[in-house]
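J.: Start from chain A and add chain B according to the hints.
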Amino acid sequence: MNFWLVLTVNSVTFGGLLFLLSAGFSLIFGLMRIPNLTHGSLFMLGAYFGATLLTGVFGVKLNFWVAAILAALGVAMIGALIERLLLRRLPGDALAQVLVTLGLSFIAADLCLMVWGGDPINVETPPWLGGFMRLGSVAFPNYRLAIIVIAVVFAIGLWMLLERTRLGAMIRAGVDDPDMARVVGIRVSQLFTIVFALGAALAAFAGIIGGPILSVYPGIDQDMLPLALVVVILGGTGSLLGSFVGSIIVGFIYNFGQALLPELAYFVLFLPMLLVLIFRPQGLFGRQLP
Amino acid sequence: MKPELNGRNVALAMAFAALVSLPFWVSGTYYINVSSQILFYAIFALGLNVLVGYGGLVSLGHAGLFGIAAYATGYFLQAGFPHSAAILLALVVGIASTAVFAFLALRATGIGFIMITLALGQIIWGLAYRWISLTGGDNGITLHGRPAPFGLDLGSASAFYYTTFIIFLIAVVACAILAGSPFGAAIKGTRDQPRRMNALGYHVWAIRFWACLLSGLLTCVAGILFVYYNQFISPQTAALTASAEVLLMVIAGGPATLLGPIVGAALVVIVKNVVSGYIERWNFLLGAIFVAIVILMPEGLVPGTVRLWRGGLRAFRRRRGIVLAQSAEPKP
Numbered sequence: 021m022n023f024w025l026v027l028t029v030n031s032v033t034f035g036g037l038l039f040l041l042s043a044g045f046s047l048i049f050g051l052m053r054i055p056n057l058t059h060g061s062l063f064m065l066g067a068y069f070g071a072t073l074l075t076g077v078f079g080v081k082l083n084f085w086v087a088a089i090l091a092a093l094g095v096a097m098i099g100a101l102i103e104r105l106l107l108r109r110l111p112g113d114a115l116a117q118v119l120v121t122l123g124l125s126f127i128a129a130d131l132c133l134m135v136w137g138g139d140p141i142n143v144e145t146p147p148w149l150g151g152f153m154r155l156g157s158v159a160f161p162n163y164r165l166a167i168i169v170i171a172v173v174f175a176i177g178l179w180m181l182l183e184r185t186r187l188g189a190m191i192r193a194g195v196d197d198p199d200m201a202r203v204v205g206i207r208v209s210q211l212f213t214i215v216f217a218l219g220a221a222l223a224a225f226a227g228i229i230g231g232p233i234l235s236v237y238p239g240i241d242q243d244m245l246p247l248a249l250v251v252v253i254l255g256g257t258g259s260l261l262g263s264f265v266g267s268i269i270v271g272f273i274y275n276f277g278q279a280l281l282p283e284l285a286y287f288v289l290f291l292p293m294l295l296v297l298i299f300r301p302q303g304l305f306g307r308q309l310p
Numbered sequence: 101m102k103p104e105l106n107g108r109n110v111a112l113a114m115a116f117a118a119l120v121s122l123p124f125w126v127s128g129t130y131y132i133n134v135s136s137q138i139l140f141y142a143i144f145a146l147g148l149n150v151l152v153g154y155g156g157l158v159s160l161g162h163a164g165l166f167g168i169a170a171y172a173t174g175y176f177l178q179a180g181f182p183h184s185a186a187i188l189l190a191l192v193v194g195i196a197s198t199a200v201f202a203f204l205a206l207r208a209t210g211i212g213f214i215m216i217t218l219a220l221g222q223i224i225w226g227l228a229y230r231w232i233s234l235t236g237g238d239n240g241i242t243l244h245g246r247p248a249p250f251g252l253d254l255g256s257a258s259a260f261y262y263t264t265f266i267i268f269l270i271a272v273v274a275c276a277i278l279a280g281s282p283f284g285a286a287i288k289g290t291r292d293q294p295r296r297m298n299a300l301g302y303h304v305w306a307i308r309f310w311a312c313l314l315s316g317l318l319t320c321v322a323g324i325l326f327v328y329y330n331q332f333i334s335p336q337t338a339a340l341t342a343s344a345e346v347l348l349m350v351i352a353g354g355p356a357t358l359l360g361p362i363v364g365a366a367l368v369v370i371v372k373n374v375v376s377g378y379i380e381r382w383n384f385l386l387g388a389i390f391v392a393i394v395i396l397m398p399e400g401l402v403p404g405t406v407r408l409w410r411g412g413l414r415a416f417r418r419r420r421g422i423v424l425a426q427s428a429e430p431k432p
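Note that the protein sequences, when read in sequence, are chains A and B.
Quick note: the first sequence uses my numbering, first residue 21, plus one each step.
Quick note: the second sequence uses my numbering, first residue 101, plus one each step.
The shape of chain A in the complex, shown without the other chains (with noise of 0.2 Å):
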């Protein structure tokens, strides 16, 4: 019994760490089309950025909210750096866009790994989460549980954005429809340079929160993105329901599944990928892929 309870709350953890990194990769997907292979690289990049700054930098040691912050702004940076660099200079043409992030994101990778060498890093817990929450004869670690309140705020906020906030509205009409959206006066280039800031922000922060459970090492970003790619195949793009309801889906199948199929864990992903693509090919919440 306990061992089921524990499994869940790690499901659940990473759901929600998904649900930060999958959110943005909808978003950027329903708005601009494009569909943002560098998203895992931005995930490596902010918990790399975040476990420098909590290693210390010039001798200052930073706090950990202040430095996953400060991670997610750079990599924010980043990312708008990116979005009008390079993928504005393609519109439209969706495989040039895929072929640059896929050539971004192996530049990452290949430069994270040229500074912060092969070694697994490990990031601390914040000391006053570092304890544990009893229920009964189950300990839950406070950090796991902080990380569900976390993405949790985060989900209700960007609801919040999209759906009561003038600039989600204009997000929104962008979604649906970029042309009438233009022709009504919405800056919709200007949107894109905010939702993809805003979704590299998020991945960036899942990133360093995630790092006192997944650590950061080489690879990890190519170990989120398919991830995210089956959280968004199974909830739809561009629908934020669509990322919770999947993050939570995915993590639970794999968390389950590496603890009961070790050597299976990502094989069992292939089961809602194949029932949701047969029986829903747009996925549980979203429109049909363009």
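Some clues are possibly wrong.
In silico SDA-like cross-links for lysine to any residue, where the CA-CA straight-line distance does not exceed 20 Å [said to hold, decoys possible]:
id, chain 1, residue 1, chain 2, residue 2
1, B, 372, A, 133
2, B, 372, A, 130
3, B, 372, A, 131
4, B, 372, A, 134
Which stretches of chain A does chain B cover? Using the computed rule of at least three CB atoms under 8 Å from a CB of chain B, they are [claimed, not checked]:
id, region
5, 110-121
6, 129-141
7, 247-253
8, 281-292
Just so you know, the hints here were simulated from the structure itself, not pulled from any lab data.
For each residue, glycine too, the CB sits at the ideal point set by N, CA and C.
T.: Structure of chain B alone, referenced to chain A:
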């Protein structure tokens, strides 16, 4: 039909003669081995080209299929099967996996197809890494010896080169026949005008499915040659980098042509071998080449270099190399 004596045919005949006599004028087994690599990667690139060039369906999971065929060969050999049976079984496993891939990925076209193949390819890579009892994990599978068909031992570099060359020729002829056949025209039709093809009574999905299978067959053949060449297979073979490399071969040479993928394979293999002699940063270079191609030479590396060489900017952005296939269903 008498073959015409024009520049193109003369060049082809010279290339053929050069390839036939290659082990005699190339010094050292290293270069013969590099040539073998070029040939089986060319088969791989030709296979992907059926899908990318003719079908307009860009796959980022082909290294997964390549890896499946290679792993299957290694696995069956390890299980004690003779070479012929192992190769046949590997082909069967490879084609069956291709069918599953195609069945899933063809639920979408365009970007959806790319994303699904990418996810599938990564799942294969993850399996190769983690399903240790089957694949040996990071240690991979080591083969012991190459086959000896009809009493000819393929252990030496030049014997393996000639085997690869013969299979390569068969693949080239098959692709040439395909490109000129009604079926080849149908594939290109589904790329350019899926809705019209549908209206004309063609079964667009079935045509794409068969294109996937053909592409998968060539990919699996290349994968089997690869595993016999290296006598070793590890998860790196099925990684996204490998899928990207072969896509680069197709794009670099010029997709939807017969010679393009071959030239592309030669370029990539040579650059990779030369570069790895000096620096360890092949992945960085691969990424940089992708970005540079897309930004500077959207029509492909070979035509792009020629254009830059001649200094002409007229052709710039006039033609993108690959046309992405769209869905046959009418848009709402």
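J.: Decide, hint by hint, whether the structure agrees.
T.: Here is how each hint holds up against the structure:
1. Proposed proximity of residue 372 of chain B and residue 133 of chain A is supported: the alpha carbons are some 19 Å apart, at most 20 Å.
2. Using a Cα cut-off of 20 Å, the hinted pair residue 372 of chain B and residue 130 of chain A holds, with the two alpha carbons roughly 15 Å apart.
3. The straight-line distance between the Cα atoms of residue 372 of chain B and residue 131 of chain A is roughly 18 Å, inside the 20 Å bound, and the hint therefore holds.
4. Of the supplied pair hints, the one linking residue 372 of chain B and residue 134 of chain A holds, its CA atoms being roughly 19 Å apart against a limit of 20 Å.
5. With 8 residues bearing a CB less than 8 Å from a CB of chain B, the region 110-121 of chain A meets the requirement of three and the coverage assertion stands.
6. Only residues whose C-beta sits within less than 8 Å of a C-beta in chain B count toward coverage, and the region 129-141 of chain A has 4 of them, enough to reach three; the restraint holds.
7. Figure legend: the region 247-253 of chain A, annotated as covered by chain B; annotation consistent (4 residues with Cβ-Cβ distances under 8 Å, at least 3 required).
8. Coverage of the region 281-292 of chain A by chain B holds in this model, with 8 residues showing a Cβ closer than 8 Å to a Cβ of that chain against a need of three.
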